Structures are given as structure tokens and as C-alpha cells.
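Protein chains in written order, with our numbering: chain A, 1 to 221; chain B, 1 to 154.
Derived by calculation from the structure, the hints in this document are not laboratory data. Treat the hints with care, since some could be wrong.
Claimed, not checked - According to the in silico footprint, chain B covers these stretches of chain A (three or more CB under 8 Å from chain B): (1) 48-56; (2) 59-66.
What the hints assert, rightly or not - If you want a taste of the chain B side facing chain A, the calculated C-beta under 7 Å gives, among others: (3) Trp19; (4) Thr36; (5) Asp142; (6) Phe151.
Keep in mind it's a predicted model, so treat the numbers as computed, not measured. All residues carry an ideal CB built from backbone N, CA and C; glycine is no exception.
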Amino acid sequence: VPCVSGDLHKPTNVTFISINMKNILQWNPPEGLQGMEVSYTVQYFIYGQKKWLNKSECRNISRTYCDLSAETSDYEHQYYAKVKAMWRTNCSKWAETGRFYPFLETQIGPPEVALTTDEKSISIVLTAPKKWKKNPEESSISMQQIYSNLKYNVSIYNTKSNRTWSQCVTNHTLVFSWLEPDTLYCVLVESFVPGPPRITHPSERQCVSTLEDQTTALEVK
Amino acid sequence: QEFQFGPCQVDGIVLQKLWQAFWAMKDIVQAQDNITSVRLLRKEVLQNVSETESCHLLHALLRFYVNTVFKNYHDKAVEFGILKSFSTLANNFFVIVSKLQASQEKMFSTRESARRRFLLFYRAFKQLDREAAVTKAFGEMDILLRWMEKFNQL
Numbered sequence: 001v002p003c004v005s006g007d008l009h010k011p012t013n014v015t016f017i018s019i020n021m022k023n024i025l026q027w028n029p030p031e032g033l034q035g036m037e038v039s040y041t042v043q044y045f046i047y048g049q050k051k052w053l054n055k056s057e058c059r060n061i062s063r064t065y066c067d068l069s070a071e072t073s074d075y076e077h078q079y080y081a082k083v084k085a086m087w088r089t090n091c092s093k094w095a096e097t098g099r100f101y102p103f104l105e106t107q108i109g110p111p112e113v114a115l116t117t118d119e120k121s122i123s124i125v126l127t128a129p130k131k132w133k134k135n136p137e138e139s140s141i142s143m144q145q146i147y148s149n150l151k152y153n154v155s156i157y158n159t160k161s162n163r164t165w166s167q168c169v170t171n172h173t174l175v176f177s178w179l180e181p182d183t184l185y186c187v188l189v190e191s192f193v194p195g196p197p198r199i200t201h202p203s204e205r206q207c208v209s210t211l212e213d214q215t216t217a218l219e220v221k
Numbered sequence: 001q002e003f004q005f006g007p008c009q010v011d012g013i014v015l016q017k018l019w020q021a022f023w024a025m026k027d028i029v030q031a032q033d034n035i036t037s038v039r040l041l042r043k044e045v046l047q048n049v050s051e052t053e054s055c056h057l058l059h060a061l062l063r064f065y066v067n068t069v070f071k072n073y074h075d076k077a078v079e080f081g082i083l084k085s086f087s088t089l090a091n092n093f094f095v096i097v098s099k100l101q102a103s104q105e106k107m108f109s110t111r112e113s114a115r116r117r118f119l120l121f122y123r124a125f126k127q128l129d130r131e132a133a134v135t136k137a138f139g140e141m142d143i144l145l146r147w148m149e150k151f152n153q154l
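Next up, chain A with everything else stripped away, as it sits in the complex (with noise of 0.2 Å):
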């Protein structure tokens, strides 16, 4: 159903979230309309090209986001979004995304972490993040293999001492040595990728404590 154009105001912070190749489009209601039954559209372009494109999925949708991942997959094109908004009869001009560089503006979700401890050691074994994939059964990519450069930045926090050392690393195994025996310690992992500024997301905080000092422990008995 036409509507009439210009009536309403645009949606507001249309934005591209995007995490591991996973790219939403995300955007607020139009001013004075939050909470009235508004629909949606979004189109989406690719630059260079010469026509925007609609996605089915994202017409006329009461949601304030629509994936656009698929249409959005290759990472080396540049692409802008944009969303008008319909309400009875009326509906507002289009508000439109900035240029979006998936493989300079994806944020690094955060890697595995895999911990073993020692009397005096903690050795860590970290998982790269996988990329977004289209279907379940696809093969997983992962985000190492798009980004050769991914490091991590691994912090360990004494709760003894209150003491946190933090290092840099490249590769996927680490061993942090001369702990305290007996005593819990606390590891917390972000991936990284030299280049644009990039939101980081570290992982989740995880304690371990190292293993009680066996030559006390034999004194003791």
C-alpha cells in the first residue's frame, strides 16, 4: 500500500552491530512513536554497484533490527543500510547507515579458554573464535584463518595478592610459571587484531586454583 512519504521522522541510529561476521542492522524508532505499532523496511547497498536491494526478510517487520549477515558476507566489499518506517498511512524517509567495511569494522568475539593448573603453573590452551556461518552444517571458519595477525591479550589476577600480569600472545598455548601454590587464580582472555579501532569482547572470568605444594603436604603427614 503507498504510503505517503516524509510525514514521519526517520528511524534514528541506524547502525550496522557487527561480532564475528554476524552483521545486524540495528536502528531506534522514529521520535514520538516509540511504542505505536510501527513497521519497517530495509534495503541494503553495496558499494560500487548500481541498485539497492531489498531483503524480504525485513519488510514491514515491527522489530528495530534485521540480520543482514548473508547479503553482507563478503567481507572485502564496503555496503550502507537503510530502513524507513510505516505507521497507518504514513511513512518517513529513508535513514541510512555510514559505509560498513565488515573486515575492518567486525568486532573479535572472544577465544576458548581451556585451563589446566600445577602446583606452581597455570597452562592455557585458547580457541579462536568461530566466523558467522549460514547454515548449521556448514564447515566452521575461523576467525584466525580471516585474520592472520589475531592475537590475544591474556591478563591473570592473583586473589591472594591482588596482583594482575597481562601479555600479549600470538599463539594458542601459553604457561603461566612460579605461581603460589594453593591459591586461586583468575584468567580473562580478549582477541585482538592490529588495524582499525575495534570494540573488544573479553571472555568470560575464569578461577582456578593451583595445586597445594606436595612437599608441604608430605611434611605435614
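For this one, chain A is given, so just place chain B on it according to the hints.
Chain B alone, transformed into the frame defined by chain A:
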């Protein structure tokens, strides 16, 4: 950092600084580019560039950026209050061009193929209105930096 563009080596460039400089003005600069149906640094210009070609191509592109794009964008940079970022990029590009100058002159093998790639970029540039073309080229520096980064010797 050290970059190896085929036989040409460039060191002393801190790419992170260039990224930060561009990122500080990316939204302002790219918002001025209304001709979204044209991309100057298309995949045909930068994709599958051989190592030996890369030195010629980079030299041609950066020299063009220094002599044409930066030269004609300076007043806009002042107008938009992005002179600091603009200067960081301009000065670094100038340094890279001068470092590439000598070594790329000695190489003749892949000059022609690199020239053809540059001409793809240049012809697209010339087809646009001058000011619009300069604005577009300036806004595509993220594509250029991304390509340069591939030649970074970790």
C-alpha cells in the same frame, strides 16, 4: 614495521598510526561521497597483485594520492577540522613514495601490468567531477591501507 612489496622494502612506517588517523575521520570523509555507485579501488585494481607488481602499483597509487588527492583535499581537511589526521596520512604516504622511488625504477618486468591496474583506477577517477573524485579517493583510503597491510612482514 617492515613492509615487503616484492623487491621493494619499506620500513619505519607504523601502520597502526595510519589506521587511527583514517578512522578518526572516516565517517566525516565518507559521508561527503554521494556517488556510491562508483568504487575507484575496485577488486580488479588490487586483487591478485603479484609481489613484483605490488611495488610499482603502490608507488603509482601513493604518488597519485600525494600529488593529486592530498593536494586537492587540503582545504576540505581544514574545513572539516581533520587536518591532524590528514597530515599524518599525507606525510607517511610521502615518505613511502620516496622510499619506493629508487627501487621501483630499477625493475622493469612487471611495470606494464601494474600500469594497467593503475589506469583502471585513474580512468574511473577522471570520469568523475574533479572535487567528487578527490573526495571519493580520500574516502577509499581504508581499502588502500587494507591492501598495504597484506604486505606487512609480521
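Going through the hints against the structure:
no. : hint   : verdict
1   : 48-56  : holds (count 3)
2   : 59-66  : violated (count 0)
3   : Trp19  : holds, 5 Å
4   : Thr36  : holds, 6 Å
5   : Asp142 : holds, 6 Å
6   : Phe151 : violated, 12 Å
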